[in-house]
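Here the protein sequences line up with chains A and B, keeping their order.
One point on numbering: in the working numbering, the residue at position 239 of the first sequence is 239, and numbering is uninterrupted.
The number in the working numbering is simply the position in the second sequence, starting from 1, with 1000 added.
To be clear, the hints were calculated from the coordinates, so they are not data collected in a lab.
Treat the hints loosely; a few may be bogus.
To be verified - Residues on chain A that point at chain B, a partial pick, calculated with CB under 7 Å:
1) P155
2) F163
3) K280
4) N342
These numbers were taken from a predicted model, which means no experiment stands behind them.
From the three backbone atoms N, C-alpha and C, an ideal C-beta is built for every residue, glycine too.
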Amino acid sequence: MTTLLDELQRIQDDSLREAAKAATVEALDAVHVKFLGRKDGLLSKILAGLPSLPPDQKKELGRRANEAKRALESALEAKKSRLDEDLLAKSLAQSAEDLTLPGAPLLRGGLHPLTKVMEEITGVFLRLGFNAAEGPEVETDHNNFTALNHPPDHPARDSHDTFYLKNHKDESGAPLLLRTHTSPVQIRYMKSHKPPLYIVSPGRVFRHEAVDATHSFVFHQVEGLAVDSGVSLADLKGVLSLFAQQLFGGGVHVRFRPSYFPFVEPGLEVDISCTLCGGKGCRVCKNSGWVEMLGAGMVHPNVLRGAGLDPEKLSGYAFGIGVERVAMFKYGVDDMRLFYENDLRFLRQFA
Amino acid sequence: MKVSVNWLKEFVDFDMTPEELAKRLRSLGFDTASITTVGAGVSGVVTAKVESREKHPNADKLSLCQVFDGTTRFRVVCGAPNVAAGQTVPLARVGAKLPGGVEIKPAKIRGEESQGMLCSTRELGLGEEHAGILVLPEGTPLGEDANKTLMLNDAVLDVEVMPNRPDMLSHWGVAREIAASLGKPLRLPDAGVPAAPAASLADIQEKTLCGSYVARAFDGVKAGPAPLPMRLRLERCGVRSINNLVDATNYVMMELGHPLHVFDAEKLKGGKVSVRMSKPGESLACLDGATRKTDGCLVIADAAGPVAAAGVMGGAASGVTDATTRVLLESAWFQPSHVRQSRRRLNVTTESAYRFERGTDPAMAALASKRAAHLILKTAGGKMTGEQELRGDIPAAAPVRANPARVEALLGFHMPPADIQNSLERLGFSVKTDGADFVFTPPPHRRDVRETADIAEEAGRLAGFDRVPAVVRAAAQTLESPSAERRLLTEGREALAGFGFQEALNYGLAARSAWEALVGGPAEDVVELDNPLSLSGDIMAPSLLPLLLSNVGTNRRRGAENVRLFESARTFRSSGGQVAERLCLSFVAEGADGDGHWKFKPRPLEFWDAKAWVKSLLKGWRLPGVKFSGEGLPSFLHPTQAQTVSAGGKPAGFFGRLHPRRAEVLDLSKDTFVAELDLTALAAVPPLAVKHAGLAQHPALLRDFSLVFPETVSWSAVALFVMGQSEWMEDIRLFDVFRGDALPAGHRSLAFRASFRHPERTLTDAEAAKIQEKILEGLTREFKASLRG
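Okay, chain A solo, but in the shape it has when bound:
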């Protein structure tokens, strides 16, 4: 009995030692065959010989032999799983690639810088509760000029060199034209809506003039109009300050200077403090610390009257922001023509 138990103990010790020593799955399999092989396994043989033993020995040896079998099985399993992990880790390490190589191709386009700026400007006013309005690019002389207090034969029309259409006339027989500003939208909106009204109108406009670094026969404006009771220049300065701060940064200031646009009175030129030099003076602001940004003013009483509104009861402000001008200042573009060349090397810088 003692000999048999000793023998079992020795086999168990051998089996565990060999399992621990096995360095490959194959070696592990060999350990399994050597001790647990169905026919010749050393442990299997002991277990197979149990029935022929006397009952008192059978019980004790059977318990111990089964323990030894379970211990070996669990050791083999643990070892196998560790070898598997090692193997996987090794194969993963072998498949390492140069991860700095470019990723799969995925084309990404982008919006035009003028679209981005126009959306940004419009967004400021939409968030303030303005509604968006749009109008046609082919306009009548009445909406583009007369209703905006540019009577026929008024010299103010000289500053708007105009494209006219051939063979297309309005109801009064005047040739149709390409709008020279987005302001006709004011007229259309005032005639179709009742105050209070607050609108912002982005769009494309046309001037009959030669193209150079700072002029273009096509450019974009964002028009703003508010008509309500008790509207003053202070309200105008409020929204324009918010606009300037949103586009150019929190510390930007807005300055009003008197100017002349026939459809507003008082008419103003609006400057913003130069963000490039912080107002100290530089090349861009011509050492003044201020940059001319847009035209604005209080809606001219003639414009209100023309739209059937009473200037004694209502007042309003209007502004027209030049999108190209804002984009040039914001992005440091010094030639307006770049916006219309559609050179991908330029456009991709804004995507």
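Starting from the known structure of chain A, arrange chain B on it as the hints suggest.
Chain B only, in chain A's frame:
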């Protein structure tokens, strides 16, 4: 308007640098485009006479001059070719300073001592002329400081004057504004003239067009060069000097802002002029050499016909010359809009018309006439033989009633009534109170001030708009959703950017020739410009594609590959005399689906890419019922690899491969794909409402089909038919198209997977088999399909 600072100082005292003056004007509403200094920092330069000139002994191009400044004689070496004995010239003596910090020192030039320098125009900072020394008029006193003689130490401001302020188109006008701003007195120029007998020199026949006509006759005048100071000032303001008579009128125009005209009275037929409308067929040989028809224009006429187009330009025949001895001086007020019409009819711009059409001060005609008469008598001698002042109709300047509280309400900052009154009084308005209101009477030169808003501007200008605070008020109104067009536009361009397209922006004008080349024939429905800047933009863009294709070409030539561009803008077509403006979203893609890659090789773009982009856009917009077809394709598209798009039965665009011939002509890749979607048409389609449909609880059964069809059977017909075969059909997906020798000629095999699903239970295999059977039978019956063997 070019303004000389020294000239301004004749009318108002101020102590500001030119830069400070420009800043002050800017704050009043007048920008300065440029500041040019004239002879800044000159000292020690005096007038001197060249008494003798000899050749320099050691240099061919130099001369030795003896010059005399009235007290001392100097020996000066001079290099100017025009120097000659007898001239009076500016002499920079030793110790003199010239612009740019140059100081004159005693020098030895080629062995000869030089005690100073004779100066050119440029050396004195007066202008660019440097070919020789500046020769002063005979009779210039010797030893006079050149600063005085040449009115140096001046600056010229180019002031931008808006059309509403013609009163600022003169030195006196600018001085008046500065005086108001500074609260300083304003001086008038000397307009003293001896009395002259009343005479019948003119008559006004068109009293509404000519509100005032002041005529003065002179005899015994001597035409010749105007005095140097007058010439210098005119030149500084950009006016060419002609002679003392013409210069006197121009001088008064630049000084008082009132245009005048001088006639050679000798050449006026009948000795008298009449202000009348031109008779049909009349014309005028103008001072600039051109002969113009004067139909519809107010003219000044003598017994023989027009001698001047009123307010615009004089006639050559009656103009003054160096031989003129008798003069008729005209100072008038012409109605602004008529002068503008005349000027446009005559197709000419003049300084005179520029002022008249903006509106001159009616009260100024008399003063300007006297001032010019004063200058003529002073510079050309002679005597005044008669004068006549005629009046037509001048619209009276209406008083403006304004409530100070309303003025304040517009300005948005506190301005007490007394301050408003004071500001307007400084600007020359007379102010009366009437109850709570003020009644302002504008001075005659401020016709632009007509109501409360104008008063607010004047008060604000003088107070400074810096006083306006920033207040944010809520926009109290009903909010509107973006328009359908705007929604399609915003979502569409974001989607295209995601597909790799870069947005482009073009000018919106196109060349008719390029469009006709693209569509292959005359274009009837384009919108033509009456006054195009060039033939490359003679029509409004009928499509965005011509310009986008040209953008693609430009980028390819600059080395870009696989270019993808899109644009969204209006397009224009003419129909029945109306212009149809439609917002379009268009794209062009060419080349491959990616640039060269180390692992994933690019493949050429195909029709299916274009179709996928268009389908994806429509899906994102949730527009149902948009149909594709091969009908009505533009000729610049590939005849079998392109489709038109329609929505609600109306055309809404197209997409597909560019016709290979067009690609070749435009030097583009053969794999160029385009699309143009009409957002205006698509905006009319109501988008599908978003509604949650629940998630399927029971599994779908999948059945694969592989059938051979005649080529004439379209996939969409098959798919539509299959989807209609059972209420439990859920989806159909094509996974293979095969053509080959194994199939009968003119046939192809389509392999697709159909899925069936019941909403409330799991379908049985038997049910699926029944549907499958029905589909097979139907396809065989309807489309002559057969199982692929």
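Does the interface hint hold: is A/N342 within less than 7 Å of chain B, judged Cβ to Cβ?
-> At about 4 Å, which falls below the 7 Å cut-off, the nearest Cβ of chain B leaves the hint on A/N342 intact, so it holds.
Status of the hint placing A/K280 at chain B (closest C-beta pair under 7 Å) = violated (16 Å)
Against chain B, is A/F163 within 7 Å by beta-carbon distance?
-> holds (5 Å)
With a cut-off of 7 Å, does the beta carbon of A/P155 approach a beta carbon of chain B closely enough for the hint to hold?
-> holds (4 Å)
Checked against the numbered hints given earlier, the structure breaks only hint 3 and satisfies all the rest.
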